[in-house]
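A.B. asks: Here is how the chains run, residue by residue.
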Amino acid sequence: MSVRRLVLRLLALVRRDRLDRELDDEVQAHLELAEHHGLARGLSPEEARLEARRAFGGIPQMKEVHRDDRSARWLEHVIGDIRYGIVSVRRDPVLTMVAISVLALGIGANTAMFSLVDGVLFRPLPFPDPERIVRVWETPTATTSNSTTTRNFVELKARSQSFEALSAESTSTATVEVNGTPTRLNGRYVSADHFSVFGIQPLLGRNFRPEEDQPGADRVIVLSHAAWQAHFGGDPGVLGRTILLDNDPHEVIGVLPPGAFDRLRSRPLDDPASFWRLNAFDQEELRASMHWLNPVGRLKPGVTVQQAQNELLGIRAQIADLIPAWKQAWSVKVEPFDELLIGDRLRQSIYIALGAVVFVLLIACANITNLLLAQGAARRQEMAVRAALGASRGRIAAQLLTESLVLGVLGGIAGVALATLLVQAAVPLLPVMPFTAEVTLNWRVLAFATATAVAVSVTVGLLPAVRLASGAEATALNSAARGSSGAHERTRRTIVAAQVAVSVMLICGAFLLFKSLARLQLVDVGARIENVITMSIDLPRDHYPSGNHLAAFYPTLIERVNAIPGVISASLAGDMPLEGTGGENLRMPGRDERLMVRFKRADSAYFATLGIPVVAGRGFTTSDRAGAPNVAVVNESLARRLRDRFGMADPVGQAVDLPLLGFGRDRRAIMTIVGVIGNERVQSDLRAPAEDVAYVPIAQAPRMQVKLAVRTQGEATAVFPAVREAVRQLDDRLALADVRTMEDIWAGSLSGLREPVWLLGIFAAVSALLAALGLYGVLAHSVTQRRREIGIRMALGARANDVVSLVVRGTLSMVGVGLLCGLAGAAALTRVMRTLLFEVSALEPSAFVFGGVVMAAFALAAALVPARRASRVDPSTALRTDG
Amino acid sequence: MIYMSTFDMSNLPASKKELLSGTLDLLVLKTLDTMGPLHGYGIARRIEQMSANVMRLSQGSIYPALIRLEQRGWIKTKWGVSETNRKVKFYSLTRTGEMQLQVEVASWEQTLALVSRVLEGKA
Chain A
0 MSVRRLVLRL LALVRRDRLD RELDDEVQAH LELAEHHGLA RGLSPEEARL
50 EARRAFGGIP QMKEVHRDDR SARWLEHVIG DIRYGIVSVR RDPVLTMVAI
100 SVLALGIGAN TAMFSLVDGV LFRPLPFPDP ERIVRVWETP TATTSNSTTT
150 RNFVELKARS QSFEALSAES TSTATVEVNG TPTRLNGRYV SADHFSVFGI
200 QPLLGRNFRP EEDQPGADRV IVLSHAAWQA HFGGDPGVLG RTILLDNDPH
250 EVIGVLPPGA FDRLRSRPLD DPASFWRLNA FDQEELRASM HWLNPVGRLK
300 PGVTVQQAQN ELLGIRAQIA DLIPAWKQAW SVKVEPFDEL LIGDRLRQSI
350 YIALGAVVFV LLIACANITN LLLAQGAARR QEMAVRAALG ASRGRIAAQL
400 LTESLVLGVL GGIAGVALAT LLVQAAVPLL PVMPFTAEVT LNWRVLAFAT
450 ATAVAVSVTV GLLPAVRLAS GAEATALNSA ARGSSGAHER TRRTIVAAQV
500 AVSVMLICGA FLLFKSLARL QLVDVGARIE NVITMSIDLP RDHYPSGNHL
550 AAFYPTLIER VNAIPGVISA SLAGDMPLEG TGGENLRMPG RDERLMVRFK
600 RADSAYFATL GIPVVAGRGF TTSDRAGAPN VAVVNESLAR RLRDRFGMAD
650 PVGQAVDLPL LGFGRDRRAI MTIVGVIGNE RVQSDLRAPA EDVAYVPIAQ
700 APRMQVKLAV RTQGEATAVF PAVREAVRQL DDRLALADVR TMEDIWAGSL
750 SGLREPVWLL GIFAAVSALL AALGLYGVLA HSVTQRRREI GIRMALGARA
800 NDVVSLVVRG TLSMVGVGLL CGLAGAAALT RVMRTLLFEV SALEPSAFVF
850 GGVVMAAFAL AAALVPARRA SRVDPSTALR TDG
Chain B
0 MIYMSTFDMS NLPASKKELL SGTLDLLVLK TLDTMGPLHG YGIARRIEQM
50 SANVMRLSQG SIYPALIRLE QRGWIKTKWG VSETNRKVKF YSLTRTGEMQ
100 LQVEVASWEQ TLALVSRVLE GKA
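Line by line, the protein sequences are chains A and B.
0 is the number of the first residue of the first sequence in numbering that gives the first Met the number 0; add one for each residue after it.
0 is the number of the first residue of the second sequence in numbering that gives the first Met the number 0; add one for each residue after it.
A few of these clues could be false.
To be verified - Distance condition first, Cα-Cα at most 30 angstroms in a straight line; then the derived BS3-like pairs of lysine-lysine:
1. K86/B x K62/A
2. K75/B x K86/B
3. K332/A x K156/A
4. K299/A x K156/A
5. K332/A x K77/B
6. K29/B x K77/B
7. K29/B x K86/B
8. K62/A x K29/B
9. K332/A x K299/A
10. K75/B x K62/A
11. K326/A x K156/A
12. K29/B x K75/B
Don't read these hints as lab results, they were simulated from the structure.
For clarity, every value in this text was computed on a predicted model and none was experimentally measured.
Chain A extracted, bound-state conformation (with noise of 0.2 angstroms):
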């Protein structure tokens, strides 16, 4: 098309209404000449103007192609179409609404779940080249890794070619006095390189100069943006200032961007990353055998993780004498950053939370379908005199499709404002996230959500628009057609059966779930969770600055707790239940042979507190001081242990040598093992097994950051500010920090799985329910069409009953073939969630009789009501009116 007819095409456009009065001025002179000719050649007045008018044929037929080919058409068309659509809408706002809110919701939890798949999966690490950020790990097996030692850290860092910055990192806590109060603060041990690791200028003030992590240096700290936001208003004056970390000033010299260093947390329930100082490794250290630090690096560019891992083993086979001989056995890994920060299960989870909620998506379509093919069958008769009056096949399917893009638009806006909703609903989950996911509505989550909005109004409008626009020139004006069509009819009944069928597929993959969360919290966690409230005292090495102050202030805080009225007995020790302890070697005196176990310190009352049975021998008493003999309790596990690996048949009375981490030092002691105790769960994780644990006297290993268990005898939380006060008269310089009952820990332990589990159970009622609201419709739908039938029925003698059954037995082959086609699906897809189950199959038969016969009643208590209202079908008026 030359550019000329282009543009006097869209010139048409807008002077429409010139063109068609032009156009009619022109058709009227040429009836007139037509008439005029007609007469001249003698026929009557009313004969000339009727042969004028058949000779110019169809009038209001020319003049739509006319406008077709004057014009755009097709936008004036799209114009019309829209203004359309909105009246349409309008007309009908019960169905508009029904089905607005459906897409909505749809399109909504589809958005929201979209930016959580873009914020962790698509783009894991916001900073720039983010898959040149590795870990680096120390890799005692295959499959375990673990942290790295001063030593092997600062020779690989040395040596290594591969890294642009490398950095370690260890987790720190500090005591600084915020508005007058002692406040514990969380952060992290870095090389002065680490934020180039990042590649993150900070927002004010610079970042660490290499300089500055040797020992010697003035002491600099960086604040995270959160921090420096809560604890120093947002003051720009805070650079600069010194502040003292355990009353040890440090200079501020950086605030961090706000950002995924706000989120940076060692555990999910602890308080985020505030501060950020330096490792300066002085010659003690480096001789320590500790595996403390955690390498984080940033590759060269071109170097591969690859290269880099092997350039690593190279440079630990160099320093193969500086390690000790059990631990020559050890490896290197590279590990890029994301992978670590991703777990396999958190994965799977959104993985499976997407596919859910992208099933509730079409199962919400399919309803809309069903909407405006019922709401089309009502409009037969306009569609027929549309296409009476010159419109085409395709024009009408334009227009319906046009009305359901209007929808699709409307959807779509209220969905993602419900999105808006739905991700501040979800920032209580970040903790479980990686720190780095920036859960946003950004722009590729807004295309995402237009696109699915589209997505939705063209599967929606298709069927119905194709349908009622093949139908519209078929039927014409015919009102004998009323009424539904056969295939129409078929059509519905198959969009509810494939409701049914992926509901009945979110509904078993929903059991399965909570199964294993119930299975999961039946594990036992061997320790008293009701009534107990802990909390982490940090002692400032200024006033505690040996051993023995350590050890003399323990049994003195305890005695205030325990006068507190309403507490039970208090406990100090290294670490609570489930938060994690770490691990230690455990040797037997006189032979080269080690387990690791898991290691804990604790406190005479710590097994009677958290009500820890002793099963054999005796618990630690206040007799198990500094300077007695060195003693320990292991747990069943380990006395199993000791049995199978060493024939230890009793292990009370024997001797073992364990590390004693006492204050500022590193050595072993022999010490005897004076009793068994049930299994603690230490560690996190309740799917894993119970872990093999030796616990020591905290007053034999004092140190300086200890937890305090209160049990109460109410409600737990309720004696906290007599604790706080306690605390504050013993020392007012003493910090409390990770206030948090045992419930609490408990309940964290099970984050991971519960909100997989709440998701996808509150998809699949979702989804059971539009599903029976298909359902519900197309049989309401169908009572109405067969109405004079039901009345034949009944004037011929059937009963109500007669009459519900019909109408209940109408819906059997829907759900009976959907329920089928839903457990095949289950059964195939259940098994993509098995790393997500716990003691549970992912063929679980009860799960699949659940999702049948919650599925079922679902669906018969959606086709009783229109049932019931055919059987209240009066036979005369049924049969006199033609509805």
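Given chain A, work out where chain B should sit, using these hints.
C.D. replies: Same frame as chain A, but now just chain B:
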């Protein structure tokens, strides 16, 4: 230049498919070439007379053809007064229209020749 609407059937009402589409444009151009400025009715009458009873034509169908040709710049309009004293549009060929007519005629003859050859070959 390719004559775009030669086989474009969609431009005509479905009921009038017996008129080979595109030919109408050619007939309008030819009519204006021979007769000079004419109003719509005049063009329709003329074509009807020329085709006598060979081709059935709704007179109305020339109006879409006229707007098409006008937009292409092959014909132009001028307001005038009809025999019934009504203000009507008179259509006449433009320079491009005259040239286009040559092209159309040539292309028509080519098509005709091709079709005849095929038909004769088949017979």
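A.B. asks: Does each hint hold? Answer for all of them.
C.D. replies: Hint check results:
For the given pair, K86/B sits about 20 angstroms from K62/A by alpha-carbon distance, which is consistent with the 30 angstroms threshold. Straight-line distance between C-alpha atoms of K75/B and K86/B comes to about 16 angstroms, which keeps the hinted pair within the 30 angstroms bound. At most 30 angstroms may separate the alpha-carbon atoms for a hinted pair to count; K332/A and K156/A meet this at roughly 15 angstroms. A C-alpha spacing of about 13 angstroms is found between K299/A and K156/A, which places the hinted pair at or below 30 angstroms, so the restraint holds.
Distance hint between K332/A and K77/B is unfulfilled; the C-alpha atoms sit about 87 angstroms from each other, more than 30 angstroms. Distance check on the hinted pair: K29/B and K77/B sit about 19 angstroms apart at the alpha-carbon level, within 30 angstroms; holds. For the suggested pair K29/B and K86/B, the alpha carbons sit about 24 angstroms apart, so the restraint of at most 30 angstroms is met. Only pairs whose Cα atoms come within 30 angstroms are accepted, and K62/A paired with K29/B is accepted, the gap being roughly 24 angstroms.
Taking the CA atoms of K332/A and K299/A, the gap is near 17 angstroms; set against the 30 angstroms cutoff, the hint holds. Restraint check: the Cα-Cα separation between K75/B and K62/A comes to about 20 angstroms, which is no more than 30 angstroms; the hinted pair holds. The hinted pair formed by K326/A and K156/A meets the criterion: a straight-line CA distance of about 20 angstroms does not exceed 30 angstroms. Using a Cα cut-off of 30 angstroms, the hinted pair K29/B and K75/B holds, with the two alpha carbons roughly 14 angstroms apart.
In this structure, only the earlier hint numbered 5 is contradicted, and the remaining ones agree with it.
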